[in-house]
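Engineer: Protein chains in written order, with this note's numbering: chain A, 1 to 381; chain B, 1 to 385; chain C, 1 to 255.
A few of these clues could be false.
Straight line, CA to CA, 25 Å or less: simulated PhoX-like cross-link-like pairs of lysine-lysine [unchecked claim]:
1) A/LYS100 / A/LYS140
2) A/LYS140 / B/LYS309
3) C/LYS57 / B/LYS309
4) B/LYS234 / B/LYS309
5) C/LYS57 / A/LYS140
What the hints contain is simulated information worked out from the structure, not anything from laboratory work.
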Amino acid sequence: MGDWLSNRTLRRVLPWVAIVIAALVLPVVLPPFRLNLLGRFLSLGIVALGIDLIWGFTGLLSLGQGIFFALGGYALGMHLQLNALAPGELPEFFSLYGVKILPAFWQPFSSPVFTLLCIWVLPALVAGVLGYLVFRNRIKGVYFSILTQAALLVFFNFFNGQQKLINGTNGLKTDTARLFGMLVGSDGAQRALFWLTVVLVIGSWFLCRWLTRGRFGDALIAIRDDEPRLRFTGYNPTAYKTVVFAVAGAMAGISGALYTVQSGIVSPQYMAVPFSIEMVIWVAVGGRGTLIGAVLGAVVINYAKSLVSEALPETWLFIQGGLFLLVVTALPDGLVGWWRGGGLGRLLAMVGRSPRAATYPELDLDPAVAAERRQLEGGEA
Amino acid sequence: MDLLYDTLFNGLAIGSVLVLAALGLAVVFGLMGVINMAHGELMMLGAYTTFVVQNLFKDGPLEALFPVYILVAIPVAFVVSGLAGLLLEKTVIRRLYGRPLETLLATWGVSLILQQFVRSVSSAFAIGLVLAVVLGLLIPRLTPPRLWQQRWTPLLGVGSWIGSGAVGIGVASALGGVRVLDQPWFSARNIDVTAPQWLRGSIDLGALNMPTARLFIIALTAIALAAVIWFLQKSVWGVRIRAVTQNRSMSDCLGIPTETVDALTFLVGSGLAGVAGVAVTLLGSVGPNLGGNYIVDCFMVVVLGGVGKLVGTVVAALGIGVLSYIVGSGSLLLVWPAMPPALNELVTFFATTSMAKVLVFALIVVFLQFRPAGLFPQKGRFVEA
Amino acid sequence: MAATPTPLLELRGISVSFDGFWALNDLNLSLAPGELRAVIGPNGAGKTTFLDVITGKVRPTKGEVLFQGRSLVGIAEHRIARLGIGRKFQTPRVYQNLTPRRNLELAVSRRNGPLALLFGRLDSTARDRVQHLLEVVGLELLAHQRAGGLSHGQKQWLEIAMLVAQDPQLLLVDEPVAGLTDEETERTADLLRQLSGEHTVLVIEHDMEFIRDLRAPVTVLHEGHVLCQGSMDEVQNDPRVIEVYLGSETEGEFN
Numbered sequence: 001m002g003d004w005l006s007n008r009t010l011r012r013v014l015p016w017v018a019i020v021i022a023a024l025v026l027p028v029v030l031p032p033f034r035l036n037l038l039g040r041f042l043s044l045g046i047v048a049l050g051i052d053l054i055w056g057f058t059g060l061l062s063l064g065q066g067i068f069f070a071l072g073g074y075a076l077g078m079h080l081q082l083n084a085l086a087p088g089e090l091p092e093f094f095s096l097y098g099v100k101i102l103p104a105f106w107q108p109f110s111s112p113v114f115t116l117l118c119i120w121v122l123p124a125l126v127a128g129v130l131g132y133l134v135f136r137n138r139i140k141g142v143y144f145s146i147l148t149q150a151a152l153l154v155f156f157n158f159f160n161g162q163q164k165l166i167n168g169t170n171g172l173k174t175d176t177a178r179l180f181g182m183l184v185g186s187d188g189a190q191r192a193l194f195w196l197t198v199v200l201v202i203g204s205w206f207l208c209r210w211l212t213r214g215r216f217g218d219a220l221i222a223i224r225d226d227e228p229r230l231r232f233t234g235y236n237p238t239a240y241k242t243v244v245f246a247v248a249g250a251m252a253g254i255s256g257a258l259y260t261v262q263s264g265i266v267s268p269q270y271m272a273v274p275f276s277i278e279m280v281i282w283v284a285v286g287g288r289g290t291l292i293g294a295v296l297g298a299v300v301i302n303y304a305k306s307l308v309s310e311a312l313p314e315t316w317l318f319i320q321g322g323l324f325l326l327v328v329t330a331l332p333d334g335l336v337g338w339w340r341g342g343g344l345g346r347l348l349a350m351v352g353r354s355p356r357a358a359t360y361p362e363l364d365l366d367p368a369v370a371a372e373r374r375q376l377e378g379g380e381a
Numbered sequence: 001m002d003l004l005y006d007t008l009f010n011g012l013a014i015g016s017v018l019v020l021a022a023l024g025l026a027v028v029f030g031l032m033g034v035i036n037m038a039h040g041e042l043m044m045l046g047a048y049t050t051f052v053v054q055n056l057f058k059d060g061p062l063e064a065l066f067p068v069y070i071l072v073a074i075p076v077a078f079v080v081s082g083l084a085g086l087l088l089e090k091t092v093i094r095r096l097y098g099r100p101l102e103t104l105l106a107t108w109g110v111s112l113i114l115q116q117f118v119r120s121v122s123s124a125f126a127i128g129l130v131l132a133v134v135l136g137l138l139i140p141r142l143t144p145p146r147l148w149q150q151r152w153t154p155l156l157g158v159g160s161w162i163g164s165g166a167v168g169i170g171v172a173s174a175l176g177g178v179r180v181l182d183q184p185w186f187s188a189r190n191i192d193v194t195a196p197q198w199l200r201g202s203i204d205l206g207a208l209n210m211p212t213a214r215l216f217i218i219a220l221t222a223i224a225l226a227a228v229i230w231f232l233q234k235s236v237w238g239v240r241i242r243a244v245t246q247n248r249s250m251s252d253c254l255g256i257p258t259e260t261v262d263a264l265t266f267l268v269g270s271g272l273a274g275v276a277g278v279a280v281t282l283l284g285s286v287g288p289n290l291g292g293n294y295i296v297d298c299f300m301v302v303v304l305g306g307v308g309k310l311v312g313t314v315v316a317a318l319g320i321g322v323l324s325y326i327v328g329s330g331s332l333l334l335v336w337p338a339m340p341p342a343l344n345e346l347v348t349f350f351a352t353t354s355m356a357k358v359l360v361f362a363l364i365v366v367f368l369q370f371r372p373a374g375l376f377p378q379k380g381r382f383v384e385a
Numbered sequence: 001m002a003a004t005p006t007p008l009l010e011l012r013g014i015s016v017s018f019d020g021f022w023a024l025n026d027l028n029l030s031l032a033p034g035e036l037r038a039v040i041g042p043n044g045a046g047k048t049t050f051l052d053v054i055t056g057k058v059r060p061t062k063g064e065v066l067f068q069g070r071s072l073v074g075i076a077e078h079r080i081a082r083l084g085i086g087r088k089f090q091t092p093r094v095y096q097n098l099t100p101r102r103n104l105e106l107a108v109s110r111r112n113g114p115l116a117l118l119f120g121r122l123d124s125t126a127r128d129r130v131q132h133l134l135e136v137v138g139l140e141l142l143a144h145q146r147a148g149g150l151s152h153g154q155k156q157w158l159e160i161a162m163l164v165a166q167d168p169q170l171l172l173v174d175e176p177v178a179g180l181t182d183e184e185t186e187r188t189a190d191l192l193r194q195l196s197g198e199h200t201v202l203v204i205e206h207d208m209e210f211i212r213d214l215r216a217p218v219t220v221l222h223e224g225h226v227l228c229q230g231s232m233d234e235v236q237n238d239p240r241v242i243e244v245y246l247g248s249e250t251e252g253e254f255n
């Protein structure tokens with residue numbers, strides 16, 4: 001039984017088997033409320049994949065992905081608001097602030113095609129422009145992180161303060177609107193959205209895999225590990241960072257739109273500072289640099305959060321804070337990284353289940369040799 | 001003209017709080033390259049300390065000294081926040097040396113814990129917490145050392161902490177049955193600190209009306225700044241801190257205890273956050289979320305000011321403070337009532353505190369296009385390109 | 001020095017000031033195409049800063065850098081690299097988390113934009129080149145392991161291979177044999193001599209045996225400017241050089 005633990009391929013495949021089984025079984029077993037929750041958390045997996053792309057692979061820790069997430073959500077939310085109206089009518093909230101004419105930037109969102117494009121193109125554009133302005137000045141590391149956080153706060157302030165433009169704090173409700181003839185809040189629509197989410201998560205995963213597998217991915221890793229060196233080899237890191245940041249922004253937008261229709265509202269809270277940092281911790285817990293880890297982290301942590309918050313709301317912040325500390329200090333590769341690195345085998349070895357020796361026992365048990373082997377095995381992670 | 005002075009005075013007061021808040025952050029960042037996300041929560045600890053000190057002086061034997069409680073609160077807050085910072089450095093930040101992004105995340109985790117801590121701390125909670133920590137520390141000493149040399153020792157270590165945590169939680173919930181012990185110390189609501197009488201008035205200079213509380217904050221900032229400059233320039237440890245800031249490995253070779261320098265700097269930086277917390281209580285009620293309101297502004301000060309020079313921090317903080325106040329209060333409209341309608345509309349659009357932040361951030365991003373390393377950058381071969 | 005019609009690289013009166021400290025002071029130097037040149041100098045002579053100026057990492061306070069008659073001042077590093085100037089760093093800097101093969105594939109690539117890397121493929125000549133270089137530096141068997149796990153000497157060689165893969169006209173090599181064994185040092189000298197002629201090579205090194213092996217003209221830097229130039233023997237016997245290296249101390253690295 002110890003043998004399968006030392007098999008690397010098997011260790012890589014096993015999480016997948018678990019996921020496929022879960023994907024097939026859960027929709028049948030779960031009641032609609034839980035399934036809807038699962039769908040929401042899965043859609044968060046897409047923004048997590050984007051973070052993995054920029055942080056895990058390129059080394060850019062963005063604390064502002066909420067901007068792009070919310071932009072995608074707002075784009076769809078505005079369309080759904082307009083969708084529910086008869087010609088000439090205004091969304092209800094406008095009357096509260098005495099607005100008589102639809103603001104100009106709302107107009108194009110009555111077109112479904114424009115909206116579907118806007119959901120990912122708009123966040124990508126904003127991310128690209130912001131990213132370019134920061135990257136071209138070689139601002140990186142913690143500077144980049146705190147600038148993205150400041151940008152997030154700025155967007156939050158803007159959306160929160162502008163009642164007359166986008167209903168401020170209250171946000172936009174989507175439940176009562178119709179999408180393709182179905183009430184968005186209905187069980188049928190939600191089930192369809194769940195499957196759409198599954199498809200898009202898988203699509204995003206393939207996109208990220210394609211981006212990271214080839215030489216483009218190599219360049220990203222090179223930027224993360226030694227950016228000046230890459231520059232002296234004739235590459236312009238600014239271009240790469242801008243592209244990858246824009247891609248992550250687009251993914252955040254899609255994620256935000258899916259999350260919006262499954263939770264029934266988009267509000268400035270999606271741009272709250274803590275939420276964007278939480279996104280990073282999903283990736284950290286799942287395992288940065290492992291794409292599947294980002295999705296798993298998003299789903300598992302959010303599920304845990306909803307369970308804990310239902311039972312003991314006061315303890316969640318303690319648990320979350322502890323999780324930040326624990327992952328960063330004890331599990332730097334996250335759960336998936338730990339699993340792939342043979343963590344379970346090492347754990348079992350502690351309680352006396354010795355792993356099968358790959359070489360001579362005394363070599364195998366030598367911690368220095370073991371460390372070196374792990375380092376070498378980490379090769380094409 | 002009076003209006004101009006008024007605006008400048010208020011902007012200066014806001015900027016002073018920012019100087020005080022960002023000073024500690026900047027010193028720590030300059031030395032260790034560490035952004036402490038829990039800095040705002042250390043401010044909050046300072047504010048809550050002020051609240052506690054105030055309650056001690058409110059009635060009882062110390063009542064006569066109530067007018068000066070705030071002067072007592074300042075050193076106490078410095079020590080409380082400083083010790084909290086020291087604990088943070090010793091337990092978390094030291095382990096993450098050279099990994100600034102991970103440090104960022106870990107300190108954020110600490111900030112969450114601190115926020116929830118002041119919300120839910122009660123006597124029962126505190127007793128349980130202390131019990132758990134003491135148990136966790138004592139178990140390895142009270143059990144046979146043989147147990148701690150096995151290959152399953154790591155599991156035992158984790159298990160003993162989980163066990164002592166469980167005991168702590170159990171005791172806390174048992175004690176929670178007693179009403180007196182279950183009462184939260186602060187609760188999740190905001191707390192109000194009553195300023196002594198002499199800080200509630202104002203001084204009139206011609207038409208200029210200067211609230212004493214704001215004057216006090218400006219003076220406090222000036223004194224704190226002078227003290228920090230004196231400490232860094234003249235004291236032995238200050239010289240060591242500056243040496244490590246400039247070249248850590250060389251300082252190490254010269255026998256400067258860099259670990260002690262790190263710890264000391266963190267203590268001083270966190271203590272300054274505590275002093276800033278005292279100042280904040282004079283501006284209004286404070287709550288567990290206090291940190292969040294200041295931390296991003298402090299980050300902007302660090303980005304704008306550049307690393308390693310205090311003058312950058314001071315200029316950036318005052319600049320951001322004054323600019324935010326001018327834009328946010330819409331003072332421009334009062335100074336120039338006859339401005340063109342289009343401009344008027346624009347000024348009004350940004351004339352709230354939160355919209356002012358939008359504009360100030362945009363200006364900072366524009367500024368960084370010309371001076372990416374901030375106002376007062378470091379130069380030299382060792383600056384990473 | 002023999003007058004050459006058009007130098008490949010020319011530095012005219014370069015000065016660099018870091019907050020009032022002059023790291024380079026009126027430095028003049030020119031390299032003929034195909035030349036192999038060694039640069040030596042005591043610590044703090046400005047050797048690395050001088051490479052930083054050529055490759056665009058540091059902007060000179062005064063003076064002009066001309067590459068094939070074209071000024072390099074103010075051009076971004078990656079553009080200078082694309083013009084045909086490659087650099088090997090003092091401490092080996094390879095991409096630790098990529099395999100040696102992938103390290104080389106990044107270096108060999110002619111088209112360096114994101115889209116080219118996403119949609120383009122390496123052509124067969126480039127792939128052959130990578131394979132050939134792996135063989136030259138003896139890393140074929142390790143081609144699929146993490147470069148971070150290589151030994152110091154292997155990393156040095158991998159970085160030199162990356163530099164060659166880039167196929168620049170001018171190779172700037174900073175301390176290529178630091179930490180190498182005697183045999184590896186000899187092989188490195190051979191390799192660099194082979195490269196000169198087709199390429200122009202500038203080597204900075206402390207190891208005097210190695211410099212002698214290069215059999216190339218030597219430039220001595222001191223306090224940010226050129227102290228003297230000439231063959232190894234001339235330089236070694238120059239009283240000024242002896243003074244700079246030995247100074248008032250009785251021991252020095254120059255022997």
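Engineer: Of the hints given before, which are not true for this structure?
Structural biologist: 1
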